[in-house]
Amino acid sequence: MREEYELTVIDSSELSGYALKMKRDNARLVQICAVSVPGGYELSYSFAKGYEFINYRIVIDEDTRIASIGDIYPSAVFYENEMKELFGVKVDSMYLDYNNKLYRIEQETPFKK
Amino acid sequence: MGKRSVVPFGPQHPVLPEPIHIDLVLEDEKVIEAIPSIGYIHRGLEKLIEKRDFNDYLYVIERICGICSYMHGMGYCEALERIFDVEIPDRAKYLRTIWCEMSRIHSHLLWLGLLADAFGFEALFYQCWRMREKVLDMFEASTGGRVIFSVNKIGGVLKDMDKDMLASFVKEFDAMEDEIRKLCDVFLTDYTVESRLRKVGILTKEDAIATGAVGPMMRASGIEIDTRKTGYAAYSNIDFKIITSNDCDSYARCEVRIKELFQSFDIIRQAVAQIPDGELSIAVKGNPDGEAFMRVEQPRGEAIYYVKANGTKNLDRARVRTPTFTNLTPLVKILQGCDYADVPILILTIDPCVSCTER
Amino acid sequence: MSGIMKFSRFAIKNLFSKPATREYPYVKKEYKERYRGRVAIDIDDCLFCGLCSRKCPSGAITVDRNERTWKIDRMGCVQCANCVEGCPKKCLHMENVYTEPDVTKVEDVFKGKPVEKKAEAPAEDISGKLPKADLDSCVFCGLCAKNCPAEAIAVDRPNKAWTLTEDMCQHCGVCSEKCPKKCISFV
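Residue numbers (my numbering), protein chains in the order written: chain R, 70 to 182; chain S, 953 to 1311; chain L, 116 to 302.
No lab work stands behind these hints, which were simulated from the structure alone. Since this is a predicted model, take the numbers as computed values, not measurements. Be a bit skeptical, because a hint or two may be false.
[Claimed, not checked] Restraint ranges, calculated between C-beta atoms of paired labels, are given here: (1) S:G1289 / L:K186: 24 to 34 Å; (2) L:S132 / S:K1111: 55 to 65 Å; (3) R:Y164 / L:K133: 56 to 66 Å; (4) L:R149 / R:Y164: 16 to 26 Å; (5) S:Q964 / L:R149: 32 to 42 Å; (6) L:K261 / S:E1124: 39 to 49 Å; (7) S:G1018 / L:I158: 24 to 34 Å; (8) S:K1111 / L:K261: 16 to 26 Å; (9) S:Y1143 / L:S173: 48 to 58 Å; (10) L:K128 / S:G1072: 45 to 55 Å; (11) S:Q964 / L:Y146: 31 to 41 Å; (12) L:R149 / S:G1174: 37 to 47 Å; (13) S:Y1292 / L:V142: 22 to 32 Å; (14) S:N1189 / L:P229: 51 to 61 Å.
[As the list claims (entries may be wrong)] Here are the simulated DSS-like cross-link-like pairs (lysine-lysine), alpha carbons at most 27 Å apart as the crow flies: (15) S:K1115 / L:K247; (16) S:K1086 / L:K133; (17) L:K293 / S:K1237; (18) L:K220 / L:K144; (19) R:K118 / S:K1181; (20) S:K1211 / S:K1086; (21) L:K204 / S:K1265; (22) R:K181 / R:K159; (23) L:K247 / L:K204; (24) S:K1115 / L:K133; (25) S:K1105 / L:K186; (26) S:K1086 / L:K261; (27) L:K205 / S:K1265; (28) L:K293 / S:K1105; (29) R:K118 / S:K1265; (30) S:K999 / R:K170; (31) S:K1003 / L:K220; (32) R:K118 / S:K1115; (33) L:K144 / S:K1086; (34) S:K1265 / L:K133; (35) S:K1193 / S:K1151; (36) S:K1086 / L:K147; (37) S:K1237 / L:K247; (38) L:K293 / L:K275; (39) S:K1237 / L:K205; (40) L:K261 / L:K220.
Even glycine gets a Cβ: it sits at the ideal position worked out from N, Cα and C.
Build out the structure end to end from the sequences listed, making use of the hints.
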């Protein structure tokens, strides 16, 4: 038996709206994953409501700034720091910004292609 | 209002097996705020996928951590099997289930030992680890490794456990179960243990969802979710009830893990009774193309594997989201307002695995 | 028994039972048969194809085709047995003994026998060359495809087709060695 999941592509401006909707539905934030694609990033926000596994995908270019969802889901801030430090994704208004010191790496944005 | 001071906790601390640093803002003896910081052992293993063949990367991903090693490898394999759209043989599914549960037993015994050590009950710690040693010996006999098993491959497993071996394991587990039951009686009823754990570090059900707690941490707050129920490996054919507790404190988290130990023994017995004969693996040809998410229930909670392939032998991205990474936020939550003396125990109750967290 | 005395029965039992540990230098541990201690090689069977060194996740193996040497950095090896799984000649295996700890990094070098100079066929240097089947004498048995470590060859028996995926070829020469009709040559 293989678990099914949804994957919906949304616009980066809709992100907070979807996160709020998930929060209202009592879903938990499972993960945020960044992938470097030519010219930008693909960010997957995964939520789980019971056993339902819901993924939202935003595709942005390198200069797009995205808003932090840390005030909606406090755990998001670690993922956001991670993608800021490893990929160079520009995240605005994080309540806890490690200033690229989360992983204490020497190289700047090593995962960025 | 008392005087505020900041006390750094870690990265080197007797209670921590691995380096994590937490800045504790104290007001007298109460913790007001905790700011965790990680990054002492970041190895960039996720980056290595660009240099390695996707088949060989399996051995890298297994080495993310020494305790959840088996399930890291399995989660990665299952994600790739989803991309290839292959169904592995039934025998391989059951073997994976058995090894998964053995990993859970050894991980929970390890944690119980560390917990006992954290509240200063060292004799209990020795007893837990003595039991764990037996599980490691079984791993050595069945997989060839005590810590890193390397028995998975994309499309199945590499090694078989024959009837005699399985029967001897079940016999050994039966004997172990008796002994562990007596041992866990100490954890659950001993006065010293109870006084250190009861009503300490309360994480309410609402907070558990909001902060994204997973695994025993979440189940001890009364949320009935276990990723094993999504039916990867052979779990869809196995009958087990999710263990929860409504106490929401450190004692509840200890109790949930102890009950999960016995549940794992039961799952192994069921799997051994049901295991069919047959092939161990099927051939998977070509290179993967596409992406897949996969989630598995590790001893510490739900782990997510994300694999994105581009049709060549190097993947674009292999991402592991480990349970401790997401359990950091609940940790911060339970540290707020606790006594300074309880901090080591509270850090341990999330079962931190920092190597996993940083990869 | 009151809660406070729960552990005492363990303590009393431990007083009168044998230690759980081994008296190490006198009693040695017996390793299980499957135990992955270290990699061993039957150097006489080795083809020096180098597949093991490419598969090694930690880059501990170095194979020199011209010198006919197979080197392993014992301290770099992570005992994953990926090389053993991948070896097309099955000349690698895991031994259930450890490499002894040492203060310097141990590197084991195995040297293959020099190739016997056969008058009619000197050892051909096939590095970088691609196999090609002579389709007139090929019987499309598929043995080459089955033995190809990199799965670069596909044989379609009904349609009498022999195809090679060039970028997957590892230039190991297993296909030509396995060919019963000896119809594979390197160009």
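Hint check results:
no.	hint	result
1	S:G1289 / L:K186: 24 to 34 Å	violated, 59 Å
2	L:S132 / S:K1111: 55 to 65 Å	violated, 34 Å
3	R:Y164 / L:K133: 56 to 66 Å	holds, 57 Å
4	L:R149 / R:Y164: 16 to 26 Å	violated, 51 Å
5	S:Q964 / L:R149: 32 to 42 Å	holds, 37 Å
6	L:K261 / S:E1124: 39 to 49 Å	holds, 40 Å
7	S:G1018 / L:I158: 24 to 34 Å	holds, 33 Å
8	S:K1111 / L:K261: 16 to 26 Å	holds, 22 Å
9	S:Y1143 / L:S173: 48 to 58 Å	holds, 50 Å
10	L:K128 / S:G1072: 45 to 55 Å	violated, 21 Å
11	S:Q964 / L:Y146: 31 to 41 Å	holds, 34 Å
12	L:R149 / S:G1174: 37 to 47 Å	holds, 43 Å
13	S:Y1292 / L:V142: 22 to 32 Å	violated, 46 Å
14	S:N1189 / L:P229: 51 to 61 Å	holds, 57 Å
15	S:K1115 / L:K247	violated, 46 Å
16	S:K1086 / L:K133	holds, 16 Å
17	L:K293 / S:K1237	holds, 21 Å
18	L:K220 / L:K144	holds, 24 Å
19	R:K118 / S:K1181	holds, 14 Å
20	S:K1211 / S:K1086	holds, 19 Å
21	L:K204 / S:K1265	holds, 23 Å
22	R:K181 / R:K159	holds, 12 Å
23	L:K247 / L:K204	holds, 21 Å
24	S:K1115 / L:K133	violated, 31 Å
25	S:K1105 / L:K186	holds, 26 Å
26	S:K1086 / L:K261	violated, 41 Å
27	L:K205 / S:K1265	holds, 23 Å
28	L:K293 / S:K1105	holds, 26 Å
29	R:K118 / S:K1265	violated, 35 Å
30	S:K999 / R:K170	holds, 18 Å
31	S:K1003 / L:K220	holds, 25 Å
32	R:K118 / S:K1115	violated, 41 Å
33	L:K144 / S:K1086	holds, 14 Å
34	S:K1265 / L:K133	violated, 54 Å
35	S:K1193 / S:K1151	holds, 26 Å
36	S:K1086 / L:K147	holds, 13 Å
37	S:K1237 / L:K247	holds, 22 Å
38	L:K293 / L:K275	holds, 19 Å
39	S:K1237 / L:K205	holds, 20 Å
40	L:K261 / L:K220	violated, 38 Å
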